[in-house]
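Engineer: Residue numbers (our numbering), protein chains in the order written: chain A, 1 to 240; chain B, 1 to 420.
The reader is advised that the hints may include incorrect statements.
Incomplete in silico selection of chain A near chain B, CB under 10 Å [what the hints assert, rightly or not]: (1) 122; (2) 135; (3) 199.
These stretches of chain B come out as covered by chain A in the derived footprint (C-beta under 8 Å, 3 or more residues) [what the hints assert, rightly or not]: (4) 156-162; (5) 356-370.
Ranges between beta-carbon positions, derived for each pair [unchecked claim]: (6) 72(B) x 4(A): 52 to 62 Å; (7) 236(A) x 106(B): 53 to 63 Å; (8) 233(A) x 192(B): 40 to 50 Å; (9) 105(A) x 101(B): 49 to 59 Å; (10) 97(B) x 106(A): 38 to 48 Å; (11) 295(B) x 219(A): 18 to 28 Å; (12) 348(B) x 77(A): 44 to 54 Å; (13) 2(A) x 193(B): 30 to 40 Å; (14) 49(A) x 162(B): 32 to 42 Å.
Calculated directly from the structure, the hints in this document are not laboratory data.
For glycine and all other residues, C-beta sits at the position ideal for the given N, C-alpha and C.
Each chain, letter by letter, is given below.
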Amino acid sequence: MKITIAQLYPRDMNLYGDWGNTLVLKKRLERRGFEVEIIDHNPGDSTDFSKIDIFVGGGGQDSGQTIIQNDLLARADELRQLAKDGVPMLMICGMYQLFGRFFRTLKGEEIVGANILPIETIAGDERMIGNIVIRSQEFGDIVGYENHSGQTFLDKTAKPLGQVIKGAGNNMTDANEGVRYNNIIATYLHGPILPKNPQIADFLIGEALERRGVSADSGLERIDDTLANKAKEIALKLSR
Amino acid sequence: MARQMISTIIGKSVKKVAKLRGGGSALPGLVIEKIDPKFIQRTLADLPQGVVIISGTNGKTTTTKIVVELLESVGLKVFTNRTGSNFSRGVAAALLDEVNIRGKLDADIAVLELDEAWAVKFVQIVRPRFSLLLNVMRDQLDRFGEIDNTAALLQKIAEATSDTVVLNRDDPRIFKISEHIQAKKVFFGTTSELLQLMPTDDTLKYGTAVANQSVAADVLLKKINAQQATFQIDNKEIDVDLQLTGVYNLLNAAAAVALARQIAGPEITDTILSALESIKPAFGRGETIYLNGTPIELILVKNPSGFRLALLSFAKNNSATMIAVNDNYADGRDVSWFWDVDFSLLKNVAMISGVRAYDMALRLQYDDIPIGKIDTNISKTLEDFINTNPDEPKQIFCSYTAMTAIRRLLSEKTDVEEIS
Numbered sequence: 001m002k003i004t005i006a007q008l009y010p011r012d013m014n015l016y017g018d019w020g021n022t023l024v025l026k027k028r029l030e031r032r033g034f035e036v037e038i039i040d041h042n043p044g045d046s047t048d049f050s051k052i053d054i055f056v057g058g059g060g061q062d063s064g065q066t067i068i069q070n071d072l073l074a075r076a077d078e079l080r081q082l083a084k085d086g087v088p089m090l091m092i093c094g095m096y097q098l099f100g101r102f103f104r105t106l107k108g109e110e111i112v113g114a115n116i117l118p119i120e121t122i123a124g125d126e127r128m129i130g131n132i133v134i135r136s137q138e139f140g141d142i143v144g145y146e147n148h149s150g151q152t153f154l155d156k157t158a159k160p161l162g163q164v165i166k167g168a169g170n171n172m173t174d175a176n177e178g179v180r181y182n183n184i185i186a187t188y189l190h191g192p193i194l195p196k197n198p199q200i201a202d203f204l205i206g207e208a209l210e211r212r213g214v215s216a217d218s219g220l221e222r223i224d225d226t227l228a229n230k231a232k233e234i235a236l237k238l239s240r
Numbered sequence: 001m002a003r004q005m006i007s008t009i010i011g012k013s014v015k016k017v018a019k020l021r022g023g024g025s026a027l028p029g030l031v032i033e034k035i036d037p038k039f040i041q042r043t044l045a046d047l048p049q050g051v052v053i054i055s056g057t058n059g060k061t062t063t064t065k066i067v068v069e070l071l072e073s074v075g076l077k078v079f080t081n082r083t084g085s086n087f088s089r090g091v092a093a094a095l096l097d098e099v100n101i102r103g104k105l106d107a108d109i110a111v112l113e114l115d116e117a118w119a120v121k122f123v124q125i126v127r128p129r130f131s132l133l134l135n136v137m138r139d140q141l142d143r144f145g146e147i148d149n150t151a152a153l154l155q156k157i158a159e160a161t162s163d164t165v166v167l168n169r170d171d172p173r174i175f176k177i178s179e180h181i182q183a184k185k186v187f188f189g190t191t192s193e194l195l196q197l198m199p200t201d202d203t204l205k206y207g208t209a210v211a212n213q214s215v216a217a218d219v220l221l222k223k224i225n226a227q228q229a230t231f232q233i234d235n236k237e238i239d240v241d242l243q244l245t246g247v248y249n250l251l252n253a254a255a256a257v258a259l260a261r262q263i264a265g266p267e268i269t270d271t272i273l274s275a276l277e278s279i280k281p282a283f284g285r286g287e288t289i290y291l292n293g294t295p296i297e298l299i300l301v302k303n304p305s306g307f308r309l310a311l312l313s314f315a316k317n318n319s320a321t322m323i324a325v326n327d328n329y330a331d332g333r334d335v336s337w338f339w340d341v342d343f344s345l346l347k348n349v350a351m352i353s354g355v356r357a358y359d360m361a362l363r364l365q366y367d368d369i370p371i372g373k374i375d376t377n378i379s380k381t382l383e384d385f386i387n388t389n390p391d392e393p394k395q396i397f398c399s400y401t402a403m404t405a406i407r408r409l410l411s412e413k414t415d416v417e418e419i420s
């Protein structure tokens with residue numbers, strides 16, 4: 001069986017080793033005997049989103065966000081429907097923000113987002129930067145690195161990915177980090193996030209397989225994560 | 001003048017004490033910055049040939065070393081900050097070593113390597129006569145934020161330059177800077193063919209870099225053949241044998257020659273090209289240290305483009321390989337960039353060490369690279385590495401603080417050039 005992963009805007013939104021997330025998904029699928037195709041979707045491409053099993057998006061510079069904005073808005077309805085249907089998606093940093101309703105700049109301009117996630121982001125003048133650890137009921141402790149000035153706020157009914165143990169997270173006000181919505185995981189954590197937190201990779205893979213009729217009930221075949229666990233153990237102790 | 005002399009005496013004394021206590025170059029510079037913020041400005045003001053600044057993401061230390069030695073070959077007395085401590089206080093500390101007790105610097109010209117962010121502050125107090133801008137790559141986003149910000153910093157250096165700015169015509173962000181400057185512009189560059197050996201962030205995922213041929217390069221790196229480079233200068237092709245390793249260092253050499261021609265005049269070209277033949281790599285930048293006759297090559301890697309370039313140049317060597325990575329401020333705290341490097345060129349890695357050894361091991365595992373030992377303790381791992389197959393040539397890819405640690409450890413066993 002072939003599983004198709006789409007990277008959203010990898011040319012302009014791949015600032016923090018985001019390729020690592022795609023690579024981890026690919027290798028963990030291949031080790032379990034699946035064939036993997038990776039499709040890069042860049043502005044103007046006529047990618048057939050209905051054939052995609054997992055979407056991945058990364059962080060970008062301000063200029064990158066401007067370049068991709070029109071294409072994202074043009075494809076937003078499709079993506080929103082796919083998200084409602086439960087297609088697993090991983091959106092990091094810049095793409096996390098752009099999947100929300102809007103990003104308000106320091107001058108008060110509102111950059112319209114894809115309106116898929118129940119969040120809003122407001123530019124801040126201070127960068128939230130450093131190692132971060134969050135705790136999630138679903139995934140346990142998650143480690144990563146954050147580097148953003150946008151402050152993201154969740155709607156009251158929205159569920160965060162986790163609570164900040166060390167670091168800043170979504171904003172300077174509450175202790176939330178990221179958002180969990182249908183099968184979307186959206187977060188400021190890079191590092192990239194999946195290598196040291198393989199339980200999240202396996203969640204995305206499990207959901208993708210289930211939608212293709214492969215029951216993940218019996219659990220995915222285990223992969224030796226000794227190195228990931230060791231790297232995570234060290235990351236948990238790193239200073240901010 | 002009294003002020004100059006007082007600051008000099010205090011600075012030199014602090015330096016002496018710091019040295020006795022085994023300290024680095026930062027403290028004396030820090031003290032001078034505090035007691036006499038104009039010390040650098042005053043000391044450099046009298047130089048007959050002014051101040052030269054070299055900046056960019058990759059290659060500053062090597063290029064600065066080349067420029068200094070080229071200028072010395074034509075008889076100029078050059079002041080430089082060769083510790084690679086490329087912040088203002090590093091310059092102040094280097095000056096304290098060189099000035100006489102009256103605070104007078106006996107030099108014709110200063111050639112300084114400056115970190116992008118510090119260079120912007122530096123040019124506000126000392127206006128450079130010449131500057132050389134090498135490249136803009138993604139580097140230490142935890143410090144610089146975005147790559148476009150880094151380009152904006154370099155533009156400020158170019159704008160502050162009074163005589164001539166030497167620029168890389170084949171780096172799109174550097175070339176763009178040339179559209180905004182008043183000073184004379186001179187370019188160096190290479191061919192589309194050679195650019196394939198020097199991937200950048202923009203070509204990491206898509207497309208291939210194309211040389212900006214519509215712009216004439218004063219010095220063009222035309223061909224590479226093992227340790228030989230062919231430069232095209234004034235429509236003549238000249239072959240030069242080099243001690244420098246790594247294709248990117250040959251482009252740095254082209255940049256250095258272009259700058260030296262601006263400073264000392266085109267008539268010195270033959271002299272500097274023959275001097276270029278004997279210039280060795282800078283410390284830790286492809287530097288070879290011999291231990292009981294076995295070469296150990298130290299290769300500094302600090303960002304994805306630099307690591308990719310290093311792998312292209314060094315991975316094919318039949319040397320045992322070690323990688324050592326820390327995550328201190330000077331290394332970059334965020335190690336996400338490991339995932340933007342394709343490691344498949346490496347056949348295997350014997351040892352991985354440093355604070356982030358397991359992050360590196362995890363990265364290599366996902367590229368299916370066989371790994372020998374993993375241990376965060378650098379001194380223990382290095383010991384293991386040199387004692388296993390002691391006669392086998394070795395290479396160590398290392399982050400900045402891992403490199404300085406390894407040099408210090410090796411200096412206890414063999415001759416390592418001291419960088420004060």
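Engineer: Give a verdict on every hint.
Structural biologist: So, going through the hints one by one against the coordinates:
no.: 1; hint: 122; verdict: violated (18 Å)
no.: 2; hint: 135; verdict: violated (21 Å)
no.: 3; hint: 199; verdict: violated (15 Å)
no.: 4; hint: 156-162; verdict: violated (count 0)
no.: 5; hint: 356-370; verdict: holds (count 8)
no.: 6; hint: 72(B) x 4(A): 52 to 62 Å; verdict: holds (60 Å)
no.: 7; hint: 236(A) x 106(B): 53 to 63 Å; verdict: holds (54 Å)
no.: 8; hint: 233(A) x 192(B): 40 to 50 Å; verdict: holds (46 Å)
no.: 9; hint: 105(A) x 101(B): 49 to 59 Å; verdict: holds (55 Å)
no.: 10; hint: 97(B) x 106(A): 38 to 48 Å; verdict: holds (45 Å)
no.: 11; hint: 295(B) x 219(A): 18 to 28 Å; verdict: violated (50 Å)
no.: 12; hint: 348(B) x 77(A): 44 to 54 Å; verdict: holds (49 Å)
no.: 13; hint: 2(A) x 193(B): 30 to 40 Å; verdict: holds (37 Å)
no.: 14; hint: 49(A) x 162(B): 32 to 42 Å; verdict: violated (55 Å)
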